[in-house]
Amino acid sequence: MDVNVQWVFTSMALLGLASGMIGTFALLKKQSLIGDAMAHAALPGICIAFLFYGQKSLLVFLIGAACSGYMATVCIQFIVKHTRIKEDAAIGIVLSVFFGLGIVLLTWINQHEGGNQSGINDFLFGKAASLTGNDVSVLTVTAITMVITILFFFKEFKIITFDRAFAQGIGIPVSLLNGVLMFLIVSVVVIGLQAVGVVLMSALLITPALAARYWTERLGWMTLLAGVFGALSGVAGAYVSLIAYVPTGPLVIIFATALFLFSFLFAPKRGLCSKIIRRHVERKKLRVKQLMYERGEQL
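Quick note, my numbering runs 390 ahead of the 1-based positions in the sequence shown.
Don't read these hints as lab results, they were simulated from the structure.
Glycine included, every Cβ here is placed at the ideal spot set by N, Cα and C.
Heads up, some of the hints might be wrong.
Distance condition first, Cα-Cα at most 25 angstroms in a straight line; then the derived BS3-like pairs of lysine-lysine [unchecked claim]:
1. 419 x 548
2. 659 x 674
3. 476 x 419
4. 419 x 679
5. 420 x 548
6. 665 x 679
7. 446 x 471
8. 545 x 419
9. 476 x 420
10. 659 x 420
11. 665 x 675
12. 665 x 548
13. 471 x 420
14. 471 x 419
15. 420 x 545
Pair ranges (Cβ atoms, derived) [stated by the list, open to error]:
16. 658 x 635: 38 to 44 angstroms
17. 635 x 523: 19 to 25 angstroms
18. 564 x 644: 33 to 39 angstroms
19. 555 x 523: 45 to 51 angstroms
20. 673 x 561: 47 to 53 angstroms
21. 443 x 658: 49 to 55 angstroms
22. 534 x 490: 31 to 37 angstroms
23. 490 x 552: 21 to 27 angstroms
24. 564 x 474: 25 to 31 angstroms
25. 611 x 523: 34 to 40 angstroms
26. 522 x 497: 36 to 42 angstroms
27. 670 x 559: 42 to 48 angstroms
28. 477 x 501: 33 to 39 angstroms
29. 679 x 474: 38 to 44 angstroms
Could you build all of it, start to finish, from the sequences and the hints given here?
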């Protein structure tokens, strides 16, 4: 196997690992929509970065995407604070406006000479094959850094997720750690844009965590399983994308969704099939008890 292909698989595995682990906390803190908003809001930042820089550079695009995502966050907070609009509606408004602006800019770039060769189209649905050596290096280093951060602050993240008041009482800097967690969510969305795409990146953040939730009630195991599910989805999607020459994002999410459906159906405790079997067994036991009771009365 070519060395570059191996690096792509490694970077996709690390991206999936980081997305799943960070997505666990985003899911439990009910911040799933934030990831979706950041992914869609990143598109105009990418387009503007290309217009200023004039050529494809993942690092420059990521800076533009991060700035655009930060502006979207500010807009959401402003709407919630100064109007009667609730947060979910504010996220929907900002997401639509920023993504619409991004599509307009993307169309304008493609209509100019050389614009369709910029590689920006790959940011819509993702394309692992378009990752260069520098792209893979940036993605890999950033993903490893985020995984290490999650592991280092795991205990603190666990406390502020389930009991904010207790965390404040024992002196944990809740606001600072919430900021770190939000930064991680934005960062993992931004670094995954070229590989998975702005349309589907938020699904890679949440779907592995949802699948892991069916297998365990312990946060540590849930975080680990979500990371494993994300890594498997990333590698499988990248592999099929490379051999079939199709966008990576949809394939990654298809594999992640398949893992979720398998978990939903066959997880030992929370799976649908397991629940149906348990109910059937309980009803059978109840019928046996009723029959024994009726026979006892007859005697």
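Evaluation of the provided hints:
1. 419 x 548: holds (10 angstroms)
2. 659 x 674: holds (19 angstroms)
3. 476 x 419: holds (17 angstroms)
4. 419 x 679: violated (44 angstroms)
5. 420 x 548: Holds: residue 420 and residue 548 sit about 14 angstroms apart, inside 25 angstroms.
6. 665 x 679: holds (21 angstroms)
7. 446 x 471: Not satisfied, since the Cα-Cα distance of roughly 37 angstroms exceeds 25 angstroms.
8. 545 x 419: Holds. Residue 545 to residue 419 sits at ~15 angstroms (cutoff 25 angstroms).
9. 476 x 420: holds (14 angstroms)
10. 659 x 420: holds (23 angstroms)
11. 665 x 675: Holds: residue 665 and residue 675 sit about 15 angstroms apart, inside 25 angstroms.
12. 665 x 548: Answer violated: residue 665 to residue 548 is near 29 angstroms, above 25 angstroms.
13. 471 x 420: holds (19 angstroms)
14. 471 x 419: Roughly 20 angstroms separates the two Cα atoms, so the pair holds.
15. 420 x 545: holds (19 angstroms)
16. 658 x 635: 38 to 44 angstroms: This hint holds: roughly 39 angstroms between Cβ atoms.
17. 635 x 523: 19 to 25 angstroms: Between residue 635 and residue 523, where Cβ atoms are some 20 angstroms apart, the hint holds.
18. 564 x 644: 33 to 39 angstroms: Cβ of residue 564 to Cβ of residue 644: about 38 angstroms, so the range 33 to 39 angstroms holds.
19. 555 x 523: 45 to 51 angstroms: holds (48 angstroms)
20. 673 x 561: 47 to 53 angstroms: Given about 52 angstroms between the Cβ atoms, the range holds.
21. 443 x 658: 49 to 55 angstroms: 51 angstroms Cβ-Cβ, so the 49 to 55 angstroms window holds.
22. 534 x 490: 31 to 37 angstroms: holds (35 angstroms)
23. 490 x 552: 21 to 27 angstroms: This hint is violated: roughly 37 angstroms between Cβ atoms.
24. 564 x 474: 25 to 31 angstroms: Holds: the Cβ-Cβ distance is about 27 angstroms, inside 25 to 31 angstroms.
25. 611 x 523: 34 to 40 angstroms: holds (36 angstroms)
26. 522 x 497: 36 to 42 angstroms: Since residue 522 and residue 497 have Cβ atoms about 25 angstroms apart, the given range 36 to 42 angstroms is violated.
27. 670 x 559: 42 to 48 angstroms: holds (47 angstroms)
28. 477 x 501: 33 to 39 angstroms: Holds - the Cβ-Cβ distance for residue 477 and residue 501, about 36 angstroms, lies within 33 to 39 angstroms.
29. 679 x 474: 38 to 44 angstroms: Given about 56 angstroms between the Cβ atoms, the range is violated.
Hint check: violations occur at hints 4, 7, 12, 23, 26, 29; the rest are consistent with the structure.
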